[in-house]
Amino acid sequence: MREFSRPVKAEISSDARLPDTVFARAEQEPTAVALRRQESGQWRDVTCKAFRDDVVAIAKALIAAGIEHGDRVGLMARTRYEWTAADYAAWSVGAVTVPIYESSSEEQVQWILGDSGSKAVLVETAEHAARVEAVRKELPELAHVWVIEDGGMDRFLATGADVEESAVEERRTAGGVDELATLIYTSGTTGRPKGCELTHRNLLFTILNVIQGPLEEVFTLEGRSTLLFLPLAHSFARIIQIGCIESKTILGHFPSTGPELIDALGVYKPTFLLAVPRVFEKVFNKAEQKATAEGRGKIFNAAAETAVAYSRALSTGRVPLGLRLRHALFARLVYGKILAAVGGQASYAVSGGSALGERLGHFFRGVGLTIIEGYGLTETSAPTAVNTPSLNKIGTVGAPFPGVSIRIGEDGEVLCKGDHIMRGYWNNEAATKDAFDEEGWYRTGDLGSLDSDGYLSITGRKKEIIVTAGGKNVAPAVIEDRIRGHAIVSQCMVLGDNRKFVSALITIDPEAFEFWKKQNGKNGGVPDLVDDPDLVAEVQNAVDDANKAVSRAESVRKFTILPMDFSEEGGQMTASLKIKRHVITQQFSEEIEALYTEG
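First residue of the sequence shown: 0, per numbering that gives the first Met the number 0; consecutive thereafter.
Everything labelled a hint here was simulated from the structure, so no lab data went into it.
Computed from a predicted model, the values in this text were never measured in an experiment.
Just so it is clear, CB atoms sit at the ideal spot from N, CA and C, and this is done for glycine as well.
A couple of the hints might just be wrong.
Below are the DSS-like pairs computed for lysine-lysine, each with C-alpha atoms no more than 30 Å apart in a straight line [said to hold, decoys possible]:
1) K289 - K516
2) K461 - K336
3) K557 - K577
4) K297 - K547
5) K521 - K285
6) K577 - K471
7) K557 - K547
8) K289 - K521
9) K297 - K521
Taking CB as the label site, the calculated pair distances span [stated by the list, open to error]:
10) K48 - M563: 47 to 55 Å
11) P6 - L322: 37 to 45 Å
12) E293 - G265: 18 to 26 Å
13) N497 - V266: 51 to 59 Å
14) S588 - E105: 25 to 33 Å
Given these sequences and hints, build the entire structure.
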């Protein structure tokens with residue numbers, strides 16, 4: 000199949016605006032719980048009226064500061080309640096929010112605030128403010144820097160005390176659906192990040208057709224709630240934030256994906272999760288390590304194989320009796336503990352950002368947590384395609400959601416159309432023109448295929464295809480995802496362009512490494528053990544398993560273990576955890592050459 004479309008479910012009116020639901024719910028059900036805030040380790044309910052009041056208070060302070068309709072306002076913070084309140088406040092006065100990852104460097108901050116022409120920025124900490132101040136002389140349009148912590152938010156809100164609430168209402172109702180809502184800067188795996196212009200229509204069209212379409216079951220669960228822990232600077236988390244407000248799903252915020260997240264999930268008990276594949280990989284790996292350390296490794300492995308087999312059988316519509324009995328046994332012995340690690344109430348999770356991996360998808364569904372994988376880009380307001388709970392084709396990223404069309408180009412590129420696609424790139428007409436073909440289809444840059452039901456499979460990036468010296472085309476994502484799924488591996492980058500064979504640079508997961516050392520009686524850090532025969536053998540197991548998924552010409556013949564992990568700080572990763580291939584190629588050029596000259 001070369002093209003597939005779904006009819007639209009939710010039409011967006013010309014006078015619709017993102018903050019409308021916040022104000023409507025405050026009038027219609029003021030005491031209903033809209034969000035939860037963590038204060039002193041406890042979760043406190045925030046009613047619809049209280050949230051609207053917080054939005055209005057920030058909006059009044061923005062007006063007092065001279066923020067006009069269409070002005071850009073930066074947001075730089077971890078995932079927290081104030082981000083959502085500030086987002087809706089900016090929209091309520093007709094402003095445009097410009098998210099910035101809290102980990103961004105001074106140079107990145109300067110580029111985003113400068114290119115967007117932001118008039119103000121709200122940051123979380125004094126350290127964030129210092130990063131802005133370090134480049135402020137290069138930002139002549141930046142008039143205000145406000146800080147959330149250390150009493151800064153209270154001082155900021157006090158400046159708007161004399162502004163009438165009617166001024167906010169006047170500004171809120173003056174805007175239109177096709178006005179700019181946000182500029183989200185792409186992570187920039189190559190070159191300068193580009194600002195994606197997303198309108199109120201883009202965001203409302205996307206989320207309303209998703210929650211009335213493929214994810215309706217997720218967003219209509221009784222007592223529905225989620226804990227958002229991905230960075231709100233990421234378009235994926237941002238669209239879920241809007242989805243929670245629109246669907247009356249109780250929204251909580253947590254600022255980290257570190258070990259403390261598991262404790263927070265246990266207390267919050269969300270009914271569904273939003274995460275990237277790496278989070279699910281860590282949940283699996285930690286469960287496996289814990290079982291091994293307690294002498295129950297064989298039981299865990301048997302339980303994992305049973306979960307995968309059970310899920311695969313579900314896809315066929317027939318689960319043999321023996322498999323059902325084994326599954327019931329492991330549900331009591333193993334699966335319940337894994338589900339308890341994410342709060343015990345979640346039956347669904349939505350995954351995006353990169354490929355999950357078929358085996359991991361089957362494992363979690365077999366355990367009782369159905370991971371619904373989707374696909375999209377910042378330029379498409381996050382999703383373009385998504386699976387459904389009732390027809391979840393593991394290994395695909397689902398079908399286009401209602402109102403979206405997907406076409407596979409002659410060269411295999413995934414093209415799409417719909418009101419979810421950005422207006423263009425900010426201040427970059429040339430890039431905007433290049434992003435669309437002559438018929439107005441958006442060029443995603445990804446390669447894929449559609450099955451008979453219109454379900455999309457992504458096979459690689461158009462610009463990342465490796466062509467070996469023998470002329471074999473290799474999509475690195477397939478084997479990289481499989482290698483990265485091994486507990487000991489953190490990151491993997493496949494090489495082989497114009498080379499005789501495919502090779503890989505592999506980094507070690509720090510947490511898994513500590514566990515591995517205890518199990519194998521080793522001492523020292525990764526740099527001391529990169530050539531250790533046992534560590535090399537463990538990584539070789541990961542490579543051998545991954546090679547089963549590809550042809551011999553595509554398989555990894557050689558690899559090297561790097562003494563360090565890829566990171567955003569080191570320049571090898573984007574803020575959304577994508578590897579920067581060109582940077583890694585430059586930084587590790589000697590190691591790469593050694594792979595093709597040694598032995």
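Each hint, compared with the structure:
Simply put, K289 and K516 have alpha-carbon atoms about 14 Å apart, close enough for the 30 Å limit, and the pair holds. Only pairs whose Cα atoms come within 30 Å are accepted, and K461 paired with K336 is rejected, the gap being roughly 41 Å. A threshold of 30 Å between alpha carbons decides the hint, and for K557 with K577 the separation of about 23 Å falls inside it, so the pair holds. Among the hinted pairs, K297 with K547 is consistent with the structure: their alpha-carbon atoms are about 23 Å apart, no more than 30 Å.
Of the pairs offered as hints, the one joining K521 and K285 holds, with about 20 Å between alpha carbons and a cut-off of 30 Å not exceeded. A hinted pair counts as satisfied when its Cα atoms are at most 30 Å apart, and K577 with K471 qualifies at roughly 25 Å. Among the hinted pairs, K557 with K547 is consistent with the structure: their alpha-carbon atoms are about 15 Å apart, no more than 30 Å. Between the alpha carbons of K289 and K521 the distance comes to roughly 19 Å, so the proposed pair stays at or under 30 Å and holds.
Annotation: proposed proximity of K297 to K521 holds, straight-line Cα distance about 23 Å (limit 30 Å). In this structure the hint that K48 and M563 lie 47 to 55 Å apart at CB holds, the actual value being about 51 Å. Between P6 and L322 the Cβ separation comes to about 39 Å, which falls inside the hinted range of 37 to 45 Å. Separation of E293 from G265 is about 19 Å and conforms to the stated range, judged on CB atoms against 18 to 26 Å.
Judged by the Cβ atoms, the range 51 to 59 Å given for N497 and V266 holds: they are separated by roughly 53 Å. Under the hint 25 to 33 Å, the C-beta atoms of S588 and E105, about 27 Å apart, fit the expected range.
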